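When you get a sec, could you build the whole thing from the sequences and use the hints?
Number of protein chains: 2
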Amino acid sequence: MHGQNFIAGELSAQGKTTLLASKPGTGEVLPGSFTEASAAELDRACRAAAAAFPVTRALSGKDKAAYLRAIADEILALGDTLIQRACAESALPEARITGERGRTIGQLKLFADLVEEGSWVDARIDPAMPERLPLPRPDIRSMKRALGPVAVFGASNFPLAFSTAGGDTASAFAAGCPVVVKAHPFHPGTAELVAQAIDAAVKKCGLPAGTFSMLHGAGAGVGQALVVHPAIKAVGFTGSLGAGRAIYLACAQRPEPIPVFAELGANNPQFILPGALATRSAALAAGLAGSITMGAGQFCTNPGMTVLVDDAAGRAFAAQLGEELAKLAPGTAVACPIASSYEKGLAAKLAAGEVELIAKSKVAPVRAESAMIPALIATSAKNYLAKPELAHEVFGPVSLIVWVKSTADFVAFASQLEGQLTAAVHGEATELADAAKLLAVLEEKAGRVIVNQFPTGVEVCHAIFHGGPFPASTAASTTSVGSGAIERFTRPVCYQNLPQSLLPAELRDDNPLGLMRLVNGQRTR
Amino acid sequence: MHGQNFIAGELSAQGKTTLLASKPGTGEVLPGSFTEASAAELDRACRAAAAAFPVTRALSGKDKAAYLRAIADEILALGDTLIQRACAESALPEARITGERGRTIGQLKLFADLVEEGSWVDARIDPAMPERLPLPRPDIRSMKRALGPVAVFGASNFPLAFSTAGGDTASAFAAGCPVVVKAHPFHPGTAELVAQAIDAAVKKCGLPAGTFSMLHGAGAGVGQALVVHPAIKAVGFTGSLGAGRAIYLACAQRPEPIPVFAELGANNPQFILPGALATRSAALAAGLAGSITMGAGQFCTNPGMTVLVDDAAGRAFAAQLGEELAKLAPGTAVACPIASSYEKGLAAKLAAGEVELIAKSKVAPVRAESAMIPALIATSAKNYLAKPELAHEVFGPVSLIVWVKSTADFVAFASQLEGQLTAAVHGEATELADAAKLLAVLEEKAGRVIVNQFPTGVEVCHAIFHGGPFPASTAASTTSVGSGAIERFTRPVCYQNLPQSLLPAELRDDNPLGLMRLVNGQRTR
Numbered sequence: 001m002h003g004q005n006f007i008a009g010e011l012s013a014q015g016k017t018t019l020l021a022s023k024p025g026t027g028e029v030l031p032g033s034f035t036e037a038s039a040a041e042l043d044r045a046c047r048a049a050a051a052a053f054p055v056t057r058a059l060s061g062k063d064k065a066a067y068l069r070a071i072a073d074e075i076l077a078l079g080d081t082l083i084q085r086a087c088a089e090s091a092l093p094e095a096r097i098t099g100e101r102g103r104t105i106g107q108l109k110l111f112a113d114l115v116e117e118g119s120w121v122d123a124r125i126d127p128a129m130p131e132r133l134p135l136p137r138p139d140i141r142s143m144k145r146a147l148g149p150v151a152v153f154g155a156s157n158f159p160l161a162f163s164t165a166g167g168d169t170a171s172a173f174a175a176g177c178p179v180v181v182k183a184h185p186f187h188p189g190t191a192e193l194v195a196q197a198i199d200a201a202v203k204k205c206g207l208p209a210g211t212f213s214m215l216h217g218a219g220a221g222v223g224q225a226l227v228v229h230p231a232i233k234a235v236g237f238t239g240s241l242g243a244g245r246a247i248y249l250a251c252a253q254r255p256e257p258i259p260v261f262a263e264l265g266a267n268n269p270q271f272i273l274p275g276a277l278a279t280r281s282a283a284l285a286a287g288l289a290g291s292i293t294m295g296a297g298q299f300c301t302n303p304g305m306t307v308l309v310d311d312a313a314g315r316a317f318a319a320q321l322g323e324e325l326a327k328l329a330p331g332t333a334v335a336c337p338i339a340s341s342y343e344k345g346l347a348a349k350l351a352a353g354e355v356e357l358i359a360k361s362k363v364a365p366v367r368a369e370s371a372m373i374p375a376l377i378a379t380s381a382k383n384y385l386a387k388p389e390l391a392h393e394v395f396g397p398v399s400l401i402v403w404v405k406s407t408a409d410f411v412a413f414a415s416q417l418e419g420q421l422t423a424a425v426h427g428e429a430t431e432l433a434d435a436a437k438l439l440a441v442l443e444e445k446a447g448r449v450i451v452n453q454f455p456t457g458v459e460v461c462h463a464i465f466h467g468g469p470f471p472a473s474t475a476a477s478t479t480s481v482g483s484g485a486i487e488r489f490t491r492p493v494c495y496q497n498l499p500q501s502l503l504p505a506e507l508r509d510d511n512p513l514g515l516m517r518l519v520n521g522q523r524t525r
Numbered sequence: 001m002h003g004q005n006f007i008a009g010e011l012s013a014q015g016k017t018t019l020l021a022s023k024p025g026t027g028e029v030l031p032g033s034f035t036e037a038s039a040a041e042l043d044r045a046c047r048a049a050a051a052a053f054p055v056t057r058a059l060s061g062k063d064k065a066a067y068l069r070a071i072a073d074e075i076l077a078l079g080d081t082l083i084q085r086a087c088a089e090s091a092l093p094e095a096r097i098t099g100e101r102g103r104t105i106g107q108l109k110l111f112a113d114l115v116e117e118g119s120w121v122d123a124r125i126d127p128a129m130p131e132r133l134p135l136p137r138p139d140i141r142s143m144k145r146a147l148g149p150v151a152v153f154g155a156s157n158f159p160l161a162f163s164t165a166g167g168d169t170a171s172a173f174a175a176g177c178p179v180v181v182k183a184h185p186f187h188p189g190t191a192e193l194v195a196q197a198i199d200a201a202v203k204k205c206g207l208p209a210g211t212f213s214m215l216h217g218a219g220a221g222v223g224q225a226l227v228v229h230p231a232i233k234a235v236g237f238t239g240s241l242g243a244g245r246a247i248y249l250a251c252a253q254r255p256e257p258i259p260v261f262a263e264l265g266a267n268n269p270q271f272i273l274p275g276a277l278a279t280r281s282a283a284l285a286a287g288l289a290g291s292i293t294m295g296a297g298q299f300c301t302n303p304g305m306t307v308l309v310d311d312a313a314g315r316a317f318a319a320q321l322g323e324e325l326a327k328l329a330p331g332t333a334v335a336c337p338i339a340s341s342y343e344k345g346l347a348a349k350l351a352a353g354e355v356e357l358i359a360k361s362k363v364a365p366v367r368a369e370s371a372m373i374p375a376l377i378a379t380s381a382k383n384y385l386a387k388p389e390l391a392h393e394v395f396g397p398v399s400l401i402v403w404v405k406s407t408a409d410f411v412a413f414a415s416q417l418e419g420q421l422t423a424a425v426h427g428e429a430t431e432l433a434d435a436a437k438l439l440a441v442l443e444e445k446a447g448r449v450i451v452n453q454f455p456t457g458v459e460v461c462h463a464i465f466h467g468g469p470f471p472a473s474t475a476a477s478t479t480s481v482g483s484g485a486i487e488r489f490t491r492p493v494c495y496q497n498l499p500q501s502l503l504p505a506e507l508r509d510d511n512p513l514g515l516m517r518l519v520n521g522q523r524t525r
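Chains as they are written, first to last, in our numbering: chain B, 1 to 525; chain V, 1 to 525.
No wet-lab data here; the hints were simulated from the structure.
There may be inaccurate statements among the hints.
The list cannot tell twin chains apart, which means a pair is met if one copy fits it or any two copies do.
Unchecked claim - Taking lysine to any residue and the SDA-like style, the derived pairs with C-alpha atoms no more than 25 Å apart in a straight line are:
(1) Lys62 with Leu518
(2) Lys62 with Arg523
(3) Lys109 with Pro134
(4) Lys109 with Asp122
(5) Lys62 with Glu443
(6) Lys437 with Asp510
(7) Lys437 with Gly206
(8) Lys344 with Glu323
(9) Lys382 with Arg47
(10) Lys387 with Asp43
(11) Lys382 with Ala50
(12) Lys349 with Gln416
(13) Lys437 with Ser60
(14) Lys344 with Val355
(15) Lys387 with Arg47
(16) Lys360 with Gly345
(17) Lys437 with Pro504
(18) Lys437 with Ala231
Since this is a predicted model, take the numbers as computed values, not measurements.
Pasting the structure below:
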């Protein structure tokens, strides 16, 4: 581990502050001393990105695909070194990290396929009508093009799939944008290894040096300076409400405001209908406990709220779910500050009044400072709605049961919810038929509505949407997962009356790329 | 003219302040005393919009099309009353207002056709793969759905096409959003008439009363209160940089931030290459003078900057353009404050130093207080880049010639420009072939690049894009003109594992609406 920043193809460590990485499960300090980027290094990275942009925005889909696949290859070539470092820094088990590497590579390849095929640009052509009356129609064409240099923040909970070469970086590169990554200080060694892989791919593909940079930084300083740099034209962020909101406001107040695609938090409510409880409460309790504790509860789609009718069946289910959670071992946080935030958040909920602790894991943790102890707490819908602090996400393996008086109250309660990434309804066929109203309300609140499945495990595909109304996201109409994520880092450009020779290939009459296009309002190849 | 607000289907005038309309060309006060909406009326309108939303978001494409066409019919049925009032309030000539009514109706019908066909929702289906290893793929589907109640601000310069039933309102209705309009105080009578037409259409189509409201307000008060109302989920605005920026920041600072689609201003540079000057300078001068003075210069696409090489041909063209402008009669502003802003803006440019007045119309104005006097001013590229105040848009019939030393300087100057709605290059075939670099730079700066045509007159079609990097727009990836404008008022909703019977028709296996959809990543019906 050299601990340096990657500034447009060169290693650099001119800053005065360093940070260390440690094993969350033991406290053991890991090799490497990572130097925070200086203001001059940050400026160099951003200027180089701006200088690279005219080249990257004009890359063909084929060239971008080759680059994305080269990154995937280089990441794989890091082999066990990457897996071991990511496991050590995050305390996530090897199977999870190996799976996450697979997802990261899968995302890069999904975008490679998308840009190689090319129709994602939404090419539109309305040819000239010189004879039209009262005025001729000019020749008008448009397509999506890259937005400009993008700042991407590594996420604490996904050292690979949402970090240096994660979904935001992959989709920004796919769009044709240079990327400046701010590495997450919880896994700087993983960031260094992945940056090395991207850097190698940049060089192998002969791209401009400014296509990629990666900066280290522990506090808010580097990140805040990055997002207000005039060269940066968009931000990708996954993290806490406080940090995301600060970045969002800083970007709104820039002389040139820029979009911030920040995914900030959600409680992902589970509405469990009585029929489902009657027929399969044991399976539901086991499944929900598994979803709550998956990855030590460190998923943005963690089911942090369970809405139940306060009757005998509901109470029995709560007890059953509590028993499931009580027998599960505490997970280890990706870093100790996550565990202490979790503990504080849980304590704050319990201190809010009229919140009951139903169960807590009885298994001894590996290490108290990093323990994520599964828990189940409960309150009434009335109390929940009266106390805004109860709606704040607690990031960790806890679900808050919210008791409603009867199934008739599900809709009224749902209609009071804040924005969510996901919302799920569990029910039997007959009662689901009556749940259309509930689903309709949940659609207004969430980016993804789910029936009879749990929200953790986000499928990476074309139809997925991962986002939702604030605070789930600061840009509710955009997704951070799936092929649709490329759209965040683009804007349409319209061409009026250009000669064929000056048009991009995507918009020429002869359609040399064979794209699906909208011609006179009709989709056609 | 009753002068009341339309609050969810009812007329209401509880406010204490009134405003009047007058003929800008004479000062004559027009019939009607318009009562500003009170805080309670505003709240009622917004709450009614929220209450209407569950119904409007679920309307079929057919029902929305019928509603949009009913609005168009009702506007036409207002007949000459509307034309005469709009002409009187705006001083725009009858031919222009009649044309603008045609465009307004055309926009409503374009969106009606779009939602009736239905494929705009971008339905995506990735069916379940229960056998996939290592994990089964769940059934994932998504489509665009309405965002929620939208606040729309009437624009001063388009009393019909960008006001009460203008593009923003039409696209929001098409998406399935209720709309609360803040009428522009320069044409409150036109707003009342059009609101009456929309209100009649709401009633005829049996839609919820909260589908539409319209509020009067002269200062920033009503507008600012409207955009921070918790029920409002998006804002459409066309107007000044100052007002738009204030709205943008207010919305970013809300507890729940919301998107603001504000189109704020641009200089729409015209790069005129030497070959074009050599072969057709007279036609270019006449055409450019016509574009500069069209609508008394009150177009967001007004060519406010002309970039020329400082040589004999360039100087001759400037003189020729100046002569064309000098012989044109001053237009009349849509309201006196526009004319005084224009005069101040022009004076500020001339006072900035090293700015030359080349020509000013010598024709006497109809009325000094509302005169928009065509003018041509000039400065060097060096001076322009040194003084940020020279980049501020002056809304009116003036173009600033920017002198560059040679054609080689076009690219360097273009690369320093702020965001623009449009940028045009005028040249002969041979020199255009060498202008690819200039066009590439202009693409980075503008929403629409144009060759050998003028930017005024925005075609309403599928491929048009009207927007651009800030300050052209606060949302550079969205258009306010053309069928793509519907996307601003939507967000995708994803459905996981829903039974067929609970899915929207757009996403069912049997594709009952016959939509073009993305199934497993392939476009298909």
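Worksheet item: Which hint numbers doesn't this structure obey?
Response: none
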